[in-house]
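Visitor: Each residue of the sequence shown is one higher than the one before, counting from 1 in UniProt numbering.
Just so you know, the hints here were simulated from the structure itself, not pulled from any lab data.
No experiment lies behind these values; they were computed from the predicted model shown.
There may be inaccurate statements among the hints.
[Stated by the list, open to error] No more than 20 Å apart at the CA atoms, straight line, and that leaves these computed lysine to any residue pairs for SDA-like:
1. K110 with E550
2. K679 with Y729
3. K248 with P285
4. K17 with K527
5. K453 with E329
6. K489 with G610
7. K728 with P692
8. K110 with K721
9. K517 with K721
10. K340 with K738
11. K489 with P549
12. K738 with L360
13. K924 with K17
14. K445 with D526
15. K924 with N881
16. K679 with A825
17. K679 with V693
18. K924 with V662
19. K248 with T357
20. K721 with D459
21. K924 with G106
22. K883 with N860
23. K809 with N860
24. K489 with P692
25. K728 with S708
26. K883 with V14
27. K248 with D129
28. K445 with K527
29. K738 with P549
30. K489 with K453
31. K527 with D129
32. K517 with K527
33. K924 with K738
34. K721 with E751
35. K445 with S552
36. K738 with R72
37. K721 with V14
38. K517 with R669
39. K924 with N113
40. K527 with V130
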Amino acid sequence: MASNSFGTLDRFAVGDKTYTIHRLDRIDGADRLPYSLKILLENLLRNEDGRLVTTEQINALAAWDPLAEHGREVAYTPARVLMQDFTGVPCVVDLVAMRDAITELGGDPKQINPLCPTELVIDHSVIADVFGRPDAFRINAELEFERNAERYQLLRWAQQAFADFRVVPPDTGICHQVNLEYLSRLVFTREGADGTLAYPDTLVGTDSHTPMVNGLGVLGWGVGGIEAEAAMLGQPMSMLIPQVLGLKLTGELPTGTTATDLVLTVAELLRRTGVVGKFVEFYGPGVANVPLANRATIGNMSPEYGATCAIFPIDDVTLDYLRLTGRPESRIRLVEAYAKEQGLWHRPDHEPTFSQTIELDLGCVEPSIAGPKRPQDRIPLRVAPQAVAALLAGRTYAEAMEIGLDEASAESFPASDPIAVSRDHPGDAPHTPQTNGDGSDWPRKPVEISLDKESVSIDNGDVVIAAITSCTNTSNPSVMIGAALLAKKAVDSGLTRKPWVKTSLAPGSRVVTDYYKKAGLTPYLDKLGFNLVGYGCTTCIGNSGPLIPEVSQAVTGNDLTVCSVLSGNRNFEGRIHPECKMNFLASPLLVVAYALAGTLHADLLHDPLGNGRDGKPVYLRDIWPSADEVTEVIDNCLRAEMFAHDYADVYAGDERWRSLPVPDSDTFRWDPESTYVRKPPYFARMAREPEPVADITGARVLAKLGDSVTTDHISPAGSIKADSPAGKYLSEQGIAPKDFNSYGSRRGNHEVMIRGTFANIRLRNQLAPGTEGGWTRDFTRPGGPVATIYDAAVSYARAGTPLVILAGKEYGSGSSRDWAAKGTALLGVRAVIAESYERIHRSNLIGMGVLPLQFPQGQNADSLGLTGEETVEITGVDTFNEKIPARVHVEAGDAEFDAVVRVDTPGEADYYRHGGIMQYVLRKLLGGDAAVQP
């Protein structure tokens with residue numbers, strides 16, 4: 001029963017409709033709070049029950065100390081859950097397994113059911129197998145369905161078996177763009193005892209880029225699949241009141257810059273500032289100059305700078321976007337009235353209380369790319385060729401940037417508007433850098449190949465993938481239309497893409513191709529090879545498909561360092577394509593430009609992209625569309641009716657989806673022959689009461705890792721190699737290598753996923769020096785020979801030996817992949833000891849019963865003399881049976897130290913005591929020990 005201790009429940013009218021709301025202005029101090037914390041405060045007021053949400057929590061938030069590292073624990077209850085299919089399938093598999101487990105323990109399977117609206121968008125499974133031809137979309141869609149029919153059948157069954165669970169079928173769009181354009185309510189309504197309750201739309205999503213919807217004023221962030229499952233099952237999320245950084249925006253973007261350039265600048269700025277685990281909020285007079293789509297682009301990349309969320313308040317720009325995307329006028333009126341009534345409407349002259357404020361003049365943004373392996377490593381376009389040459393010569397990113405800036409003349413390349421400046425210097429001589437800045441050449445390995453009966457040469461630094469992909473930018477009409485107009489001008493000039501470049505177009509929703517068609521721009525993209533390959537994430541998540549065969553052979557046969565350029569948000573090592581060692585994020589316009597240039601060595605601001613049909617050189621400045629040209633197409637060709645039409649029957653799917661056979665049963669019928677969906681072992685031998693927590697003794701180190709090991713390094717992702725443990729397993733099941741599909745598509749099969757954990761081709765385990773990939777040493781055998789991580793884990797399991805991971809800074813940064821934690825747990829890892837953690841992965845480890853520990857301040861594995869060959873004893877863990885210990889004692893060989901326990905809240909401690917969040921929820925539903933609240 002909800003409480004109303006603060007007397008905030010009141011009536012509120014919009015036109016002739018009356019709503020019930022919890023008034024924030026009745027709480028002292030609420031007006032000083034940042035927008036995001038006001039939404040969190042309303043969440044607590046509405047869900048106050050005296051048990052999970054208490055008056056103490058509400059008072060703590062109202063009295064928020066902005067300078068405290070973090071506030072007290074509060075219970076956040078999201079209004080809904082958003083999932084994509086890579087993370088959603090294992091969530092559904094787990095819920096199905098929980099139905100089996102609760103049945104076996106004497107409970108009712110229908111107790112396992114989403115208790116808040118849950119929406120899953122199938123967007124991660126389409127692969128760009130076929131490109132550069134008119135039938136690419138049809139063929140890729142057919143291959144997608146053929147490969148994933150077993151997974152899709154599970155999701156179709158879940159859609160009918162679980163209440164309030166909806167699935168957006170394949171080939172429709174990307175979850176974040178669908179969320180932005182259709183699913184988001186901004187203000188939720190539901191009927192209750194007090195009438196129609198109105199409250200802010202909030203969510204958690206099983207993808208780290210969920211904060212894209214922050215651009216719409218909706219509070220939400222990415223969580224692991226395990227946390228999402230608990231939210232679906234009605235469990236509030238335990239969180240600490242965060243610090244909130246205010247980013248004041250002033251000025252306007254210069255001519256020639258894009259939303260992508262802005263977000264790469266913001267990512268660099270905020271990563272340098274340090275916002276891990278914090279909320280970021282935008283305010284100030286420049287906010288009104290940032291279009292909604294640009295706001296969404298900035299919010300999307302929150303994980304890249306480490307923030308929990310990056311939110312814009314509601315204003316007129318928000319309302320205009322709601323109208324553009326076909327939302328009903330009644331909803332728009334409610335959003336405006338509610339925001340103004342609750343103090344959630346943006347006031348440019350009002351500065352809330354923040355933990356820290358920084359300022360960004362939008363006028364300082366310049367065209368940029370980011371890479372070659374981290375999104376925050378921004379490279380101004382004016383120094384890109386010099387920086388890339390230095391990177392190829394073995395320099396670090398910092399060294400390459402220093403060399404690039406030294407070589408590029410600041411006078412010739414003013415940061416304010418480099419593209420406009422280039423227009424003013426039509427006589428600039430073509431310039432291709434030949435050295436890395438200290439006189440030594442970057443390594444050249446020109447390889448001659450034949451493509452379409454033409455002899456061409458590819459070399460280190462050449463572009464082999466150019467992909468317009470990812471929700472980050474394909475949700476933004478300005479950069480998408482800009483790219484299409486650039487393609488039109490290129491074609492009109494007689495330019496073509498370089499034949500060694502694999503090009504692709506994968507929008508986040510069908511609206512994009514609708515406005516392309518209406519504007520007559522599709523043929524020009526097609527002419528350059530940017531044919532539609534699918535509506536999904538594709539290249540951004542590693543579903544880039546094979547390179548052009550002759551190119552692939554040249555790259556692998558000659559160990560070339562080739563590049564991808566994509567309009568995505570991630571470029572971590574091994575993510576985009578195993579044969580692309582350097583990957584650069586760029587705007588869709590620059591993706592097209594690099595496809596024309598064919599190399600990162602090209603100076604796009606001064607080198608010609610090629611010769612036109614008249615034989616004269618064509619420069620980027622010649623074909624770069626003006627802001628007025630882009631605006632004209634948007635005004636003439638983007639209509640609210642497009643959104644209304646494309647989303648009118650969004651859950652129906654095509655004939656293939658509708659014809660899937662779906663059994664009518666409360667529990668799923670597992671197919672023992674399936675290699676996609678298998679019953680997981682999480683609840684094997686589970687009792688109604690948890691075993692007491694015990695110390696970790698006699699453990700061995702499975703991996704000793706360095707800094708910035710991401711969930712891409714840990715979690716299985718990308719293609720499955722035939723000679724890998726997962727590939728061998730699938731071969732033993734009679735699956736041919738051509739049908740292996742990707743790890744992401746097989747996330748519902750723990751047998752595949754455990755074999756791919758820590759198997760990334762770029763992982764460097766210091767315990768097995770000289771190796772790269774999923775290798776370690778197996779100390780159950782004499783001398784500790786090198787073995788695959790999976791095979792070693794099997795040996796340790798047989799010997800009854802627990803395992804630990806040693807790691808450096810920012811362990812687990814990157815996507816919120818639940819399998820990074822699930823795989824770790826299933827390999828037998830009981831604890832991770834790292835210098836620092838990224839928020840989501842630390843939380844996911846606890847959710848799987850793995851203990852996250854931190855080295856003492858200023859120390860790490862190397863400073864303590866740890867080699868990874870030691871036997872590890874961790875004592876004091878049993879203190880969890882009474883309370884959360886601040887530290888535990890670690891003995892590893894001759895080294896002894898007290899590790900900091902990173903179980904930060906009582907809720908997390910409960911999950912750890914029960915062996916994981918799923919076991920906790922299941923026992924609570926059964927009325928066992930988990931029902932006792934802290």
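Visitor: Work down the list of hints and note, for each, if the structure agrees.
Guide: Going down the list of hints, with the structure as the test:
{"no.": "1", "hint": "K110 with E550", "in the structure": "54 Å, violated"}
{"no.": "2", "hint": "K679 with Y729", "in the structure": "17 Å, holds"}
{"no.": "3", "hint": "K248 with P285", "in the structure": "8 Å, holds"}
{"no.": "4", "hint": "K17 with K527", "in the structure": "53 Å, violated"}
{"no.": "5", "hint": "K453 with E329", "in the structure": "58 Å, violated"}
{"no.": "6", "hint": "K489 with G610", "in the structure": "13 Å, holds"}
{"no.": "7", "hint": "K728 with P692", "in the structure": "38 Å, violated"}
{"no.": "8", "hint": "K110 with K721", "in the structure": "40 Å, violated"}
{"no.": "9", "hint": "K517 with K721", "in the structure": "39 Å, violated"}
{"no.": "10", "hint": "K340 with K738", "in the structure": "57 Å, violated"}
{"no.": "11", "hint": "K489 with P549", "in the structure": "30 Å, violated"}
{"no.": "12", "hint": "K738 with L360", "in the structure": "49 Å, violated"}
{"no.": "13", "hint": "K924 with K17", "in the structure": "39 Å, violated"}
{"no.": "14", "hint": "K445 with D526", "in the structure": "31 Å, violated"}
{"no.": "15", "hint": "K924 with N881", "in the structure": "18 Å, holds"}
{"no.": "16", "hint": "K679 with A825", "in the structure": "16 Å, holds"}
{"no.": "17", "hint": "K679 with V693", "in the structure": "26 Å, violated"}
{"no.": "18", "hint": "K924 with V662", "in the structure": "30 Å, violated"}
{"no.": "19", "hint": "K248 with T357", "in the structure": "7 Å, holds"}
{"no.": "20", "hint": "K721 with D459", "in the structure": "26 Å, violated"}
{"no.": "21", "hint": "K924 with G106", "in the structure": "13 Å, holds"}
{"no.": "22", "hint": "K883 with N860", "in the structure": "26 Å, violated"}
{"no.": "23", "hint": "K809 with N860", "in the structure": "9 Å, holds"}
{"no.": "24", "hint": "K489 with P692", "in the structure": "69 Å, violated"}
{"no.": "25", "hint": "K728 with S708", "in the structure": "30 Å, violated"}
{"no.": "26", "hint": "K883 with V14", "in the structure": "49 Å, violated"}
{"no.": "27", "hint": "K248 with D129", "in the structure": "44 Å, violated"}
{"no.": "28", "hint": "K445 with K527", "in the structure": "30 Å, violated"}
{"no.": "29", "hint": "K738 with P549", "in the structure": "15 Å, holds"}
{"no.": "30", "hint": "K489 with K453", "in the structure": "27 Å, violated"}
{"no.": "31", "hint": "K527 with D129", "in the structure": "19 Å, holds"}
{"no.": "32", "hint": "K517 with K527", "in the structure": "14 Å, holds"}
{"no.": "33", "hint": "K924 with K738", "in the structure": "44 Å, violated"}
{"no.": "34", "hint": "K721 with E751", "in the structure": "15 Å, holds"}
{"no.": "35", "hint": "K445 with S552", "in the structure": "15 Å, holds"}
{"no.": "36", "hint": "K738 with R72", "in the structure": "52 Å, violated"}
{"no.": "37", "hint": "K721 with V14", "in the structure": "59 Å, violated"}
{"no.": "38", "hint": "K517 with R669", "in the structure": "44 Å, violated"}
{"no.": "39", "hint": "K924 with N113", "in the structure": "14 Å, holds"}
{"no.": "40", "hint": "K527 with V130", "in the structure": "15 Å, holds"}
Taken one by one, the earlier hints fail for this structure at numbers 1, 4, 5, 7, 8, 9, 10, 11, 12, 13, 14, 17, 18, 20, 22, 24, 25, 26, 27, 28, 30, 33, 36, 37, 38, listed in ascending order.
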